[in-house]
Structure formats: C-alpha cells, structure tokens
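As they're listed, the protein sequences go chains A and B.
Following this note's numbering, the numbering of the first sequence begins with 1 at its first residue and continues without gaps.
Following this note's numbering, the numbering of the second sequence begins with 1 at its first residue and continues without gaps.
None of these hints come from the bench; they were simulated from the model.
Do not take every clue at face value.
Quick list of simulated restraints, FRET-style, between CB atoms [unchecked claim]: (1) A:P259 / B:L143: 38 to 46 Å; (2) A:P142 / B:L60: 24 to 32 Å; (3) B:T142 / A:G78: 23 to 31 Å; (4) B:S216 / A:G78: 19 to 27 Å; (5) A:R82 / B:L113: 39 to 47 Å; (6) B:V147 / A:R15: 20 to 28 Å.
Covered stretches of chain B, going by a simulated chain A footprint (3 or more residues, C-beta under 8 Å) [to be verified]: (7) 194 to 203; (8) 208 to 217; (9) 221 to 234.
Here are a few chain A residues that sit away from chain B, every Cβ distance over 12 Å (derived from the structure) [claimed, not checked]: (10) E85; (11) Q192; (12) A302.
Model, not experiment: these values are computed from the prediction.
Virtual Cβ for every residue (Gly too), placed ideally from N, Cα, C.
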Amino acid sequence: MALLEVRDLSVSFARKGEPTVTAVDGISFDVQPGRTVGLVGESGCGKSVTSLAIMGLLPRRGTEVSGSVLFEGTDLLGLSQRDIEQRRGRDLGMVFQDPLSSLNPVVPIGLQVAEVIERHRGVPRRAAMSQARELLDRVGIPDPDRRLKEYSHQLSGGMRQRALIAMALACRPRLLIADEPTTALDVTIQAQILDLLTTLVADTGTALIMITHDLGVVAGMCDEVNVLYAGRVVERAERHELFAAPRHPYTAGLMASVPRLDSSGEQRLSPISGSVADNIPWEQGCAFCPRCSNALQLCGQATPEVEHTGDGRLLRCHNPVGEATPISVEGP
Amino acid sequence: MLPSTQRKQRIDELAETGPGPDAGVSLAASAWRRLRRNPVFLVGASIIGAFVLLALSSPLLAQHDPALRLLEDQVSRAQNEIPPPQPGFPLGGDQYGRPFLSRLLLGSQQTLLVAVMATVIGLGGGLTLGILAGAFGGWVDTLVMRVVDVMLSVPSLLLAVSIGALFAQQTQFTVILAVAIVQVPIFGRLLRGSMLAQRASDHVLAARALGVKERSVVFRHMLPNALGPVVVQSTLSLAVAIIDAAALSFLGLGSGDTSVPEWGQMLGSAQNFFDSHPQLAFWPAGCIILVALGFTLVGESLRDALDPKNRR
Ligand SMILES: Nc1ncnc2c1ncn2[C@@H]1O[C@H](COP(=O)(O)OP(=O)(O)OP(=O)(O)O)[C@@H](O)[C@H]1O
Ligand SMILES: [Mg+2]
Numbered sequence: 001m002a003l004l005e006v007r008d009l010s011v012s013f014a015r016k017g018e019p020t021v022t023a024v025d026g027i028s029f030d031v032q033p034g035r036t037v038g039l040v041g042e043s044g045c046g047k048s049v050t051s052l053a054i055m056g057l058l059p060r061r062g063t064e065v066s067g068s069v070l071f072e073g074t075d076l077l078g079l080s081q082r083d084i085e086q087r088r089g090r091d092l093g094m095v096f097q098d099p100l101s102s103l104n105p106v107v108p109i110g111l112q113v114a115e116v117i118e119r120h121r122g123v124p125r126r127a128a129m130s131q132a133r134e135l136l137d138r139v140g141i142p143d144p145d146r147r148l149k150e151y152s153h154q155l156s157g158g159m160r161q162r163a164l165i166a167m168a169l170a171c172r173p174r175l176l177i178a179d180e181p182t183t184a185l186d187v188t189i190q191a192q193i194l195d196l197l198t199t200l201v202a203d204t205g206t207a208l209i210m211i212t213h214d215l216g217v218v219a220g221m222c223d224e225v226n227v228l229y230a231g232r233v234v235e236r237a238e239r240h241e242l243f244a245a246p247r248h249p250y251t252a253g254l255m256a257s258v259p260r261l262d263s264s265g266e267q268r269l270s271p272i273s274g275s276v277a278d279n280i281p282w283e284q285g286c287a288f289c290p291r292c293s294n295a296l297q298l299c300g301q302a303t304p305e306v307e308h309t310g311d312g313r314l315l316r317c318h319n320p321v322g323e324a325t326p327i328s329v330e331g332p
Numbered sequence: 001m002l003p004s005t006q007r008k009q010r011i012d013e014l015a016e017t018g019p020g021p022d023a024g025v026s027l028a029a030s031a032w033r034r035l036r037r038n039p040v041f042l043v044g045a046s047i048i049g050a051f052v053l054l055a056l057s058s059p060l061l062a063q064h065d066p067a068l069r070l071l072e073d074q075v076s077r078a079q080n081e082i083p084p085p086q087p088g089f090p091l092g093g094d095q096y097g098r099p100f101l102s103r104l105l106l107g108s109q110q111t112l113l114v115a116v117m118a119t120v121i122g123l124g125g126g127l128t129l130g131i132l133a134g135a136f137g138g139w140v141d142t143l144v145m146r147v148v149d150v151m152l153s154v155p156s157l158l159l160a161v162s163i164g165a166l167f168a169q170q171t172q173f174t175v176i177l178a179v180a181i182v183q184v185p186i187f188g189r190l191l192r193g194s195m196l197a198q199r200a201s202d203h204v205l206a207a208r209a210l211g212v213k214e215r216s217v218v219f220r221h222m223l224p225n226a227l228g229p230v231v232v233q234s235t236l237s238l239a240v241a242i243i244d245a246a247a248l249s250f251l252g253l254g255s256g257d258t259s260v261p262e263w264g265q266m267l268g269s270a271q272n273f274f275d276s277h278p279q280l281a282f283w284p285a286g287c288i289i290l291v292a293l294g295f296t297l298v299g300e301s302l303r304d305a306l307d308p309k310n311r312r
C-alpha cells in the first residue's frame, strides 16, 4: 500500500469581491514508503498549495479543499484540528523555502528543536535538549553545544536550513515534504543541503516529496517525478524514463531550458515562450496550449484527459512529443 | 486631539513597525546600539532617571510632613496671602500653610505610581483583548475590535473624564482606573495588529507544520514577536497617563484626599491662585511637563530604533 495517496485534490481560494482562484485542480499521486517523489513546475502552478493542503495548513476561511489525502489509509483532510496537529511533526514533516523567516527569531535554536521532541515524544526538557544536541550534530552543524543556545540570526543560511531539517526529522516522520528547500541558499550550499536530505532520508527510510522548479534537483534525487502545470499533473514518470524521453511538450520545454553541464559543444537554451498569464482555463482545453510548440487545433477546444501509457507513465496531452513530430531530446 | 480615524491609523502604523525578518534579539541588540548614540533618547532617559530617583529618595529629601499645616498662621484668606519662602521652607507654603517643597518632592511618588499603575492596568487589559482578537480571529476578533473602535472614537481625555465622573467618590484609585481604561483600546488594537502580522508569518507556519500546540504557537511564537510596538507604546503611555491624571485632578475629578500630595492634584488645587500666586501652579505644572517630555522622548526614540525601515 502506498504511504500517501493523494486523490483528486482540489484547492480553491474564494475572497470577497474577488473571483475564485483554483490553485490546485484535481491532483492525484502516490508516494511509496521510502521513495522520493518530485513535484515540478513553474512558479504559481500550485506546488506549495498542494503541500500545505496535505499538511492541513491552509487557512480555514476562504479556502475550499476537496478530494482526499490518504496517509496509511487515513484521510488527513477528514481529521479534526487536534488530530492533524498531532500528526504534524510526528508522521509528517515539512521544510520550507526561506530558512531565515521559518525560524522563530526570539527563541534559541536548541529550544525550538527541543520543543518538537517534547511535544511528540513527551520527554522532559533536559532529555529533549540532549536529543536536540545530537540532532544538530547529525545534520552537520558544527559545535552544536554552542549553536543550541544561539538565535536564528547568528547562524548562516545553510546552518539555519540544517536546523530546520533537524526539527522536521526530529521525530522520524514517515513522510517529509521539502518545499524548494534550497531556493533561498547560495549555490554552493544548495548541493550540501540536498546531499544532507538525500542521506537522512535514506538512513531513516523517510519518504520525501521534493518540490522544486529546478530539474537539476529532480535529476539528482527523485525516484519519480510529477510535472504540474496550472494546478494539474500533466506528466508522471520514473526519473530515468522522464529524462530519457519527456512526452509532454511542457516537460520537454522545461528540459530544453535547463543549462546542462554534459551537453557537447554549443547547445542553445530554448526557454518556453510566453508566461502562465497566457494560460487558458482547463475547461476550454489544454491550459498550456497558447505556449505549446506542439499545439493542434484540438488543444484549444477539448480538455486533454489523463492517459496511462502502458509503461506506468501518465500523460495529459493531445499531441505528445515523440509521436507525430518528434523533437530530439538527449537522455542523461 | 487627533480625530479617531487618524488615531486608529497611527496605532496600526505602529503595529507595523513590529519585528522584521531578522527580528528578536538581533533587533533588540541593534536597537540598543542606535539608542545609545541618540541624544534624544539620552535626554529623555536622563529626565526619567532623575524622576525615578527623586520618587525613590523623596522621603529622605523632604524635611517636613506634607500633611501638616506648619505655616497655617501665615495664611490669610481675606488678604489672599500664603506663606512666602523662608528659612527651612525654600518654596514657602501652599494655601493651607503646608510645606510646599516637601509636597512637591513627595508628589513625585504618587505621580509615578499613577503613571505606572495606569499603564500596567491598561497594558494588562489591552494585552488580553489583543491576544484574544489576534489569536482567535473570527467573531471574537470582530467583537473585540468593535468595542475597541468605539472606545477609540471618543477623544481619550473626554473618555477618561467620563469614566472618572462615573465614580461616586473620587480617590487616587479611581483616577488610575479612569486613565488605565483609556489605554486599554490603544494597547488592544496595537497588539492585535502585530499578532495578526505574526499569524501570517513564515515561522508561525513552520511551527504549525511541526505540530506545535496552538497555545504554544500563540504564547511562544506569536506573542513575544508581537510585543515590540507594545513596548514603545507603554513608554508613550506613561507620559499620557501623567498628563491625563493631572487633567482629571484639574477638572476636580482627582483624589479628594489632599494629605497625600500628587502633582496633578497640586496643580488642580492651585487654580484659584493663578493670578496672585502663580508659583503654586508653576512648580507642579513644570514637573509634569518635564516628566511627560522625558517619557515621550524615550518612547519616540525607541520607536525609531525599533522601526525596521530605519535599520542599517
Ligand atoms: N492564500 C491564498 N489566497 C489566494 N490565492 C492563493 C493563496 N495561496 C496561493 N494562492 C494562489 O495559488 C496559486 C498557486 O500558488 P503556489 O504557492 O502553490 O505556487 P507554487 O507552485 O508554490 O509557486 P512558487 O514556485 O512560486 O512557490 C498562485 O496563483 C497563488 O496566487
Ligand atoms: Mg511555492
């Protein structure tokens, strides 16, 4: 059984005097225990909203959530406020994008880590503090005894994210959601943090949902990838298969717009034309169609349905790459 | 007196001067660094320091019992005479022949007491309302804020006078209460604003994502980070409390018991002698103005120092 089954998850925001925004539009995906699953897509495609919905962290008012999020068979969306609160940090962990603003500025790091341990393990403060020390050590924070007493502004960006990872993994959750955990960090630190995540996740057998817009991150660590566009999954495949042969023109476009170190000779980067502002509503056709190099007339008239393409892959496209008009994309 | 909408705006602006992304200890540290070099702060702090020192040491400094009519024989109602300065009584006596300097010195105690008590009570009430509104949101918030806004729409002195007049008999305590109640909506609105800002902050979301209990989220993660503007307002409120208390006394709503001197009340009871003996009003009024100025200077410089826009 899958650890997490997200079924038809939709989230819309309704504000007084503003049109309803549907940020997530019927997303389904599974996460198997211990696997790393990527959610990839451009800014605004609903990645963060999806993760917040799974965690039950969306504001209650003005938010409409439908579908189901089964965690080991229990629908998280149906849980009471108290029950979901108990699961957060214990069964489900989350790491956010900006490590500086994600830490409480007036509470020492050690106490913030210990608070989580106290909360979920029910151990007294002293024991929690010594566990916190071990944790900081394990996530590679040098001189943990000193760092325990320090405040977030006294740490470097990389160390802050390490501390947040320590908190998220303090109670060995079975699922960790990392929402662009390296976007706010220096390039040199990014690799270290991703390394740390990969190691910890492998050591503890934690399943990981890796949210990113960076295909490099996906290529480095995900077992399976879901490509999101305008609140829907447009393609899903195992990592190797996806990189070997992207089928959705959007996926292909994303890959073509990433600079590659192993590309031989000169290869022009070709960013996807247009922006999300050009999208058409999914009800009218394919949201990506105005920006798509493969668009047919049909694409603007009929909504493409999800197809299971035999090899365990999933695709939502009328005219996939590599069928009628193949575009050559090199595999890794 | 500021119109009420302007006052609300001011409060809300103040709420926004709350901690930025790198707030907390770093904020306090850098604020202190800038404060130390700010002459406005230094002047204000010196005045407050002197005032507090005076209040604490006045029982030693005052040479006479302030309630005793030691110079009563020199008072003449008919000729409108009060005791002039003389050996042992550098400022002479008041209209009852009581030692004026001793009264002035000891008056600092009561004035400090009124200011601190009124601010503490106002702060307590305001914090309660602000926490309720900011932590729960929803209808609690709406209800609390309606009450607060109604109170804010009445000019503060008028409100204090109305509350003071409600009591059958005025004592020092009723003065404190009247002044304190006026402070409640200001602190309430202020704290609610910065609590709401905290509610939407990343670190509160991160704490929730770790399953931190709601109570702990409010008291450990939201409240300490929301207090910055409240600290500033408390300092300003001390000044306002002193002035409001003086105004109440002046309007005859002060404590009826004049054996314990208080500056506002001394000023109030000097009204009939403005023409003939202006010194009776001059000294307490001067003290009140100076002390209120001290608190205002410190409050304003604190606000500048805590304002993230001014950070370097
Ligand atoms: N609280 C909210 N109220 C209204 N709209 C919202 C809210 N939160 C998100 N949205 C909208 O939902 C859409 C998806 O947002 P989301 O944050 O999930 O994007 P994302 O994929 O995480 O992008 P990014 O890469 O920039 O983080 C956006 O169009 C955003 O404007
Ligand atoms: Mg996001």
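Each hint tested on the structure:
1. A:P259 / B:L143: 38 to 46 Å: violated, 57 Å
2. A:P142 / B:L60: 24 to 32 Å: violated, 56 Å
3. B:T142 / A:G78: 23 to 31 Å: holds, 29 Å
4. B:S216 / A:G78: 19 to 27 Å: holds, 25 Å
5. A:R82 / B:L113: 39 to 47 Å: holds, 46 Å
6. B:V147 / A:R15: 20 to 28 Å: holds, 26 Å
7. 194 to 203: holds (count 3)
8. 208 to 217: Satisfied; 8 residues make the cut.
9. 221 to 234: holds (count 3)
10. E85: A:E85 not clear of chain B: closest Cβ-Cβ about 5 Å, inside 12 Å.
11. Q192: holds, 21 Å
12. A302: Non-interface label on A:A302 holds, nearest chain B Cβ at 39 Å vs cutoff 12 Å.
Violated hints, in rising order: 1, 2 and 10; the structure is consistent with all others.
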